[in-house]
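Chemist: Here is what each chain is made of, one letter per residue.
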Amino acid sequence: MDPVTAMYVAQGIHGLAYGMILFLLASGLTLIFGMMGILNLAHAAFFMLSAYFCYQVLVMTESFWLALLIAPVATGLIGVVLERFLLRRVHALGHIGELILTVGVSLVILEGVKVFWGTESLPVKVPPYLEGLISIAGLEYPIYRIFIIGLSFFVLGILALVLYKTRLGMVVRAAVSDADMVNSLGINVPLVFMFVFGLGTWLAGVAGVAIAPILTVFPGLGDQVGLDAFMVVVVGGFGSLGGAFLVSIIFGLLSSYGVQFVSQLAPVLMFIFMAIVLVIKPMGLFGERE
Amino acid sequence: MRRTIKMVLGTVLIAIIAFYPRFFGIYYTNVFVTFAIFALYAVTLNLLLGYTGLLSFGHAMFFGTGAYGTALALEHIGGCPLLVALLIGFLSAVALALILSPIMVRVSGTAFAMLHLAFGQLMFVLALKLRGITGGEDGIGGFPIPPLNIPGIVSIDMANPLNFYYFAIVVLGLSLWILWFFTKTPFGSIMISVRDNANRVDYMGFKVPHAKAVIYTFAGAFAGVAGSIYALFQNLISAEDGFHVFVSFAPIMMTMVGGIGSFFGPVMGSAIFGIIEELTSRYTERVELVMGLILILVIMYAPMGFLGLINLFKAKYFGSLPQKAEMEEAS
Chain A
1 MDPVTAMYVA
11 QGIHGLAYGM
21 ILFLLASGLT
31 LIFGMMGILN
41 LAHAAFFMLS
51 AYFCYQVLVM
61 TESFWLALLI
71 APVATGLIGV
81 VLERFLLRRV
91 HALGHIGELI
101 LTVGVSLVIL
111 EGVKVFWGTE
121 SLPVKVPPYL
131 EGLISIAGLE
141 YPIYRIFIIG
151 LSFFVLGILA
161 LVLYKTRLGM
171 VVRAAVSDAD
181 MVNSLGINVP
191 LVFMFVFGLG
201 TWLAGVAGVA
211 IAPILTVFPG
221 LGDQVGLDAF
231 MVVVVGGFGS
241 LGGAFLVSII
251 FGLLSSYGVQ
261 FVSQLAPVLM
271 FIFMAIVLVI
281 KPMGLFGERE
Chain B
291 MRRTIKMVLG
301 TVLIAIIAFY
311 PRFFGIYYTN
321 VFVTFAIFAL
331 YAVTLNLLLG
341 YTGLLSFGHA
351 MFFGTGAYGT
361 ALALEHIGGC
371 PLLVALLIGF
381 LSAVALALIL
391 SPIMVRVSGT
401 AFAMLHLAFG
411 QLMFVLALKL
421 RGITGGEDGI
431 GGFPIPPLNI
441 PGIVSIDMAN
451 PLNFYYFAIV
461 VLGLSLWILW
471 FFTKTPFGSI
481 MISVRDNANR
491 VDYMGFKVPH
501 AKAVIYTFAG
511 AFAGVAGSIY
521 ALFQNLISAE
531 DGFHVFVSFA
541 PIMMTMVGGI
551 GSFFGPVMGS
561 AIFGIIEELT
571 SRYTERVELV
581 MGLILILVIM
591 YAPMGFLGLI
601 NLFKAKYFGS
611 LPQKAEMEEA
621 S
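Heads up: the protein sequence lines correspond to chains A and B, in order. For the first sequence, position 246 (counting from the first letter as 1) is numbered 246 according to the working numbering, and the numbering increases by one without interruption. Quick note, the working numbering runs 290 ahead of the 1-based positions in the second sequence.
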């Protein structure tokens, strides 16, 4: 295998893995921000918090799988509490109220994390069989990146099944499109919203655990990827999971190939892409409403 | 009668500001300059948010552009006078606003906010990456601060913090006054009508996009002035201080904490933020934790901000109803 192709493939895998983590995060945000219309700037903070939970569970039990199970659920529960006791009350104030509240919450989470775990970056080890490289058809792939891609597809497949093929998913979709009508049909809409918000933060939690072994765990973990996820939701179109998927992959590939070819301008590429899309279509690629 | 009271209050205010450094010393003078810079910055944001109903997540780009404009002018133009450097900061923010306005006036609501987030981040990344011009993470620092020269009359040394205080306060106060005057003109009323019902403004024969563009340029330009003074004050401007997304969020929070929809709400918010930071940093290193808790408490229990609380208090104990415009939400 000649080294040029190998490099292209390696960068492609890196881009795909980043894109899939971005999509895990962005799909949660699509549920919360895109479908429910709640501007949640604490999403990236939950992502970071889950990585810390993952570290903590690993320290206590030394099982990565247990961490993958527990950390996102714990994060999701905190999300449920946030929605039930804080966000619900400021919803009437519109986006500005949600902005202030969630910025406040993310500051509290950020500082709380520093109080409990300190500011240095903490390593997270994956099980030995997820480390190293695997060679398929003469090309070498990092196993953990492949695992992330597989995990994301698995999680999002289940999400799509639940959302589009079950009665629960039908209720959720109906509730976000016309809350009043669904409420008057005798369905407890606030409960549904609480569930959806919890689901969204759970997805952020899964993404946080997935990225922890790659980047290690530190307080600024969510800064970059959190903003990227917001842009994904906006560019992909509000409430469109397909759009979020496409744009996540594009962003992932843009960032990995961008670093290779135009390393100076790589971080700018996504913003240029976003600006072009929004100037042409203010509601995003697949968005139906603003 | 009211006029006399206002005159007296105004005189007292000016006297307090004039003698402030004598009473509080140099440290608190600098705290006051920071407060005044962010007060102007927050007022320009409120021009968009409270008056016109446009939520921007990227207002920092004007702040940062003004700051970098001034810093670059002083760094590269030998013997550049102070006021010219200030003017360059102002004009670079105007230029940015003029470049962006054709795009921005077409959108509103979430798209407006998000487009600003995108362009704001674009500016942030550019400031980080174009090291040759902006100095990357380190920013531009240590540029010469020229004395304020008025030919044939006076030359005031700006290295003296006391002199700089008066210079900054005069520039910021003048900017605030211009903006205040701007909101009182007939055009200022169009601004509020665009917020309340853009369609009707259109029917009445006013051109909504043009009006928005003018407001946008005003808001951007004076945010540039605030940034320019900030760069002069710190003698340093970095991407983190000028363009970071939290620099965009800060004035939104100040506006909300102070009280949205009134001209002096953001000024109040800036003061409250300054006081909180000053007090908490004395007792704990976790300033941001306290900040976060306060934001949560404000939005939960006093969503109309500090001025809203005062109005509520007035209504309860003095019987005068708060004005409708002040109670209305601007979203």
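Careful, some of the hints might be misleading.
No more than 20 Å apart at the CA atoms, straight line, and that leaves these computed lysine to any residue pairs for SDA-like [stated by the list, open to error]:
| # | chain 1 | residue 1 | chain 2 | residue 2 |
| --- | --- | --- | --- | --- |
| 1 | A | K114 | B | Y573 |
| 2 | B | K419 | A | Q224 |
| 3 | B | K419 | A | K114 |
| 4 | B | K497 | A | I272 |
Since the hints were made in silico from the structure, they are not lab data. A quick note: this is a predicted structure, and the numbers were derived from the prediction, not measured.
Chemist: So, for every hint listed, does it hold in this structure?
Modeler: Taking the hints in turn, this is what the structure says about them:
1. A threshold of 20 Å between alpha carbons decides the hint, and for A:K114 with B:Y573 the separation of about 17 Å falls inside it, so the pair holds.
2. A distance of roughly 15 Å separates the Cα atoms of B:K419 and A:Q224; the hinted pair therefore holds under the 20 Å criterion.
3. For the given pair, B:K419 sits about 29 Å from A:K114 by alpha-carbon distance, which is inconsistent with the 20 Å threshold.
4. Restraint check: the Cα-Cα separation between B:K497 and A:I272 comes to about 29 Å, which exceeds 20 Å; the hinted pair is violated.
The structure fails hints 3, 4 (numbered hints given earlier, in ascending order).
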